[in-house]
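K.L.:
Residue strings, one per chain:
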Amino acid sequence: MIVIVDYGMGNLGSILNMLKKVGAPAAKISSETKDIEQADKLILPGVGAFDTGMKRLRETRLIGLLNEKVLKARTPILGICLGMQLLTKISEEGELPGLGWIDAETVRFRFDPKQSRLKIPHMGWNTINIQREGTLFKDMYAEPRFYFVHSFHVVAHNPEDVLATTEYGYDFVSAIQHGHIMAAQFHPEKSHKFGMKLYKNFVENA
Amino acid sequence: MLMPRVMPCLLLKNGALVKTVKFRDPGYIGDPINAIRIYNEKEVDELIFLDISATIEKREPPYKVLSEIASECFMPVTYGGGVRDVETIRRILSLGIEKVAINSHAVDNPDFVHAAADKFGSSTIVVSIDVRRKLFDRYEVFIHSGRKGTGLDPVELAVKMERMGAGEILLNSIDRDGTQEGYDLELIKTVTSAVGVPVIACGGAGKIDDFRAAVKESGASACAAGSMVVYFGRNRAVLITFPEREKLEAVLS
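If you read the protein sequences in the order shown, they are chains D and L.
Residues 1 to 206 (the working numbering) make up the first sequence, in order.
Residues 1001 to 1253 (the working numbering) make up the second sequence, in order.
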């Protein structure tokens, strides 16, 4: 069973719709301990602020269980958007430490939107440059593009963790994978056939 | 690279798709789900759904239709119409809709926009502004589906809404709605030069070059189209359609 972790942040319904669309055998939105314990794959979604996300994870008492599942049981996990940023150690957006499962940090876009023609948040469809196929980009369609909405992005400390980069002012990390831990800054659940392929890869190959 | 977004702006009335001309005479287009399936195939960037009678009939948003819409859309969706409080927004988002558009209730109660942006994040909150051109090149904001004048200037309202936390402005020209005569470029330019948030041009799109003009000449971040993506030809035969990506890229990139 795939569990979409519900900690009160973000659009979970559209991820569930996408999992159904790609034929995931069983998928569920849940914050229940017993569901997460039984999950053979996890999705950590999220829209919103870093500290709010970490606070909500704490309040729902899921951090210990998620550490156990991901670090000890090595359950594959896919972080989406804020869910990707929460996998890093720290964020310029907040004070609280992240989950720290990936050796990376989350930073603000390094340009001043007032000085630049580029707006923040980075919102809309952008192309990605796949650096490494990993699990998520196996047999991906040509010229992949995805829907983004974010003001912060991840900086990976280990270049080998980077799956894809995207250009917005400069190249930033738009997808990452460290073993069974993977994440995307964009919203594959809102990215047509490209997103379907990514979820299908996670469902079938992670 | 990041491409300016182009999105169908679809009107709902009693659960069906309709299209207006200058905010009047809603003509029947068809079933929203069939339209979405076609837009999925065409891989459109985003969709906007506006229920044009929810506020004036004091109805709630059509949650059942929205739930069906959300489960069929594999692109981001904005919904507007009868969005009057935080609880309504929470319920809309829980169905799998990404963004909500606030129009009449943003004018009546600007603090509501602030509360909504605070709770759900600015990138979830679109303020839609309907504008009519008045004498001597002045503009006025109208609410209640264009029926009620406010005396407000669209630029002042847009600036205020940005300050309240709106993440985007959907700027709709009532005079151009359904005419396919091109966007009101002057209106768009006055608003885009006053705010930092993305402005979606709406009202008047009739050909691909109109998108280019809105983006390149008037500074719009995105373009919405109505008649152009639901009608075909001079006699306005219903045809759900969308320009080819290559053609859009050629003028927008």
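One should not assume that every hint holds.
Unchecked claim - Here are the simulated lysine-lysine pairs, BS3-like style, with alpha carbons at most 30 Å apart:
| # | chain 1 | residue 1 | chain 2 | residue 2 |
| --- | --- | --- | --- | --- |
| 1 | D | Lys55 | D | Lys119 |
| 2 | D | Lys89 | D | Lys21 |
| 3 | D | Lys197 | L | Lys1013 |
| 4 | L | Lys1064 | L | Lys1134 |
| 5 | D | Lys119 | D | Lys28 |
| 6 | D | Lys28 | L | Lys1148 |
| 7 | D | Lys138 | D | Lys114 |
| 8 | D | Lys34 | D | Lys119 |
| 9 | D | Lys114 | D | Lys41 |
| 10 | D | Lys41 | D | Lys28 |
| 11 | D | Lys197 | L | Lys1022 |
| 12 | D | Lys200 | L | Lys1042 |
| 13 | L | Lys1216 | D | Lys119 |
| 14 | D | Lys119 | L | Lys1160 |
| 15 | L | Lys1247 | D | Lys119 |
| 16 | L | Lys1064 | D | Lys119 |
| 17 | L | Lys1013 | D | Lys114 |
| 18 | L | Lys1160 | L | Lys1022 |
| 19 | D | Lys193 | L | Lys1064 |
| 20 | L | Lys1119 | L | Lys1134 |
| 21 | D | Lys20 | L | Lys1189 |
| 22 | L | Lys1042 | D | Lys138 |
| 23 | L | Lys1119 | L | Lys1160 |
| 24 | D | Lys21 | L | Lys1013 |
| 25 | D | Lys34 | D | Lys55 |
| 26 | L | Lys1160 | L | Lys1247 |
| 27 | D | Lys28 | L | Lys1119 |
| 28 | D | Lys193 | L | Lys1134 |
| 29 | L | Lys1013 | L | Lys1216 |
| 30 | L | Lys1119 | D | Lys119 |
| 31 | D | Lys21 | L | Lys1189 |
| 32 | L | Lys1119 | D | Lys114 |
| 33 | L | Lys1042 | L | Lys1119 |
| 34 | D | Lys89 | L | Lys1042 |
| 35 | L | Lys1247 | L | Lys1022 |
| 36 | L | Lys1119 | L | Lys1148 |
| 37 | D | Lys193 | L | Lys1207 |
Bear in mind the hints are in silico, worked out from the structure with no lab data behind them.
Model, not experiment: these values are computed from the prediction.
K.L.:
Could you run down the list of hints and mark each one as holding or not?
P.N.:
Quick rundown of the hints versus the structure:
| no. | hint | verdict |
| --- | --- | --- |
| 1 | Lys55(D) / Lys119(D) | holds, 28 Å |
| 2 | Lys89(D) / Lys21(D) | violated, 33 Å |
| 3 | Lys197(D) / Lys1013(L) | violated, 35 Å |
| 4 | Lys1064(L) / Lys1134(L) | violated, 38 Å |
| 5 | Lys119(D) / Lys28(D) | violated, 36 Å |
| 6 | Lys28(D) / Lys1148(L) | violated, 45 Å |
| 7 | Lys138(D) / Lys114(D) | violated, 39 Å |
| 8 | Lys34(D) / Lys119(D) | violated, 43 Å |
| 9 | Lys114(D) / Lys41(D) | violated, 42 Å |
| 10 | Lys41(D) / Lys28(D) | holds, 11 Å |
| 11 | Lys197(D) / Lys1022(L) | violated, 41 Å |
| 12 | Lys200(D) / Lys1042(L) | holds, 21 Å |
| 13 | Lys1216(L) / Lys119(D) | holds, 15 Å |
| 14 | Lys119(D) / Lys1160(L) | holds, 18 Å |
| 15 | Lys1247(L) / Lys119(D) | holds, 25 Å |
| 16 | Lys1064(L) / Lys119(D) | violated, 35 Å |
| 17 | Lys1013(L) / Lys114(D) | violated, 40 Å |
| 18 | Lys1160(L) / Lys1022(L) | holds, 26 Å |
| 19 | Lys193(D) / Lys1064(L) | holds, 26 Å |
| 20 | Lys1119(L) / Lys1134(L) | violated, 36 Å |
| 21 | Lys20(D) / Lys1189(L) | violated, 43 Å |
| 22 | Lys1042(L) / Lys138(D) | holds, 23 Å |
| 23 | Lys1119(L) / Lys1160(L) | holds, 18 Å |
| 24 | Lys21(D) / Lys1013(L) | holds, 28 Å |
| 25 | Lys34(D) / Lys55(D) | holds, 21 Å |
| 26 | Lys1160(L) / Lys1247(L) | violated, 36 Å |
| 27 | Lys28(D) / Lys1119(L) | holds, 25 Å |
| 28 | Lys193(D) / Lys1134(L) | violated, 45 Å |
| 29 | Lys1013(L) / Lys1216(L) | violated, 33 Å |
| 30 | Lys1119(L) / Lys119(D) | holds, 22 Å |
| 31 | Lys21(D) / Lys1189(L) | violated, 41 Å |
| 32 | Lys1119(L) / Lys114(D) | holds, 25 Å |
| 33 | Lys1042(L) / Lys1119(L) | violated, 34 Å |
| 34 | Lys89(D) / Lys1042(L) | violated, 40 Å |
| 35 | Lys1247(L) / Lys1022(L) | holds, 28 Å |
| 36 | Lys1119(L) / Lys1148(L) | holds, 29 Å |
| 37 | Lys193(D) / Lys1207(L) | holds, 27 Å |
When the structure is compared with the earlier hints, violations turn up for hints 2, 3, 4, 5, 6, 7, 8, 9, 11, 16, 17, 20, 21, 26, 28, 29, 31, 33 and 34 and for no others.
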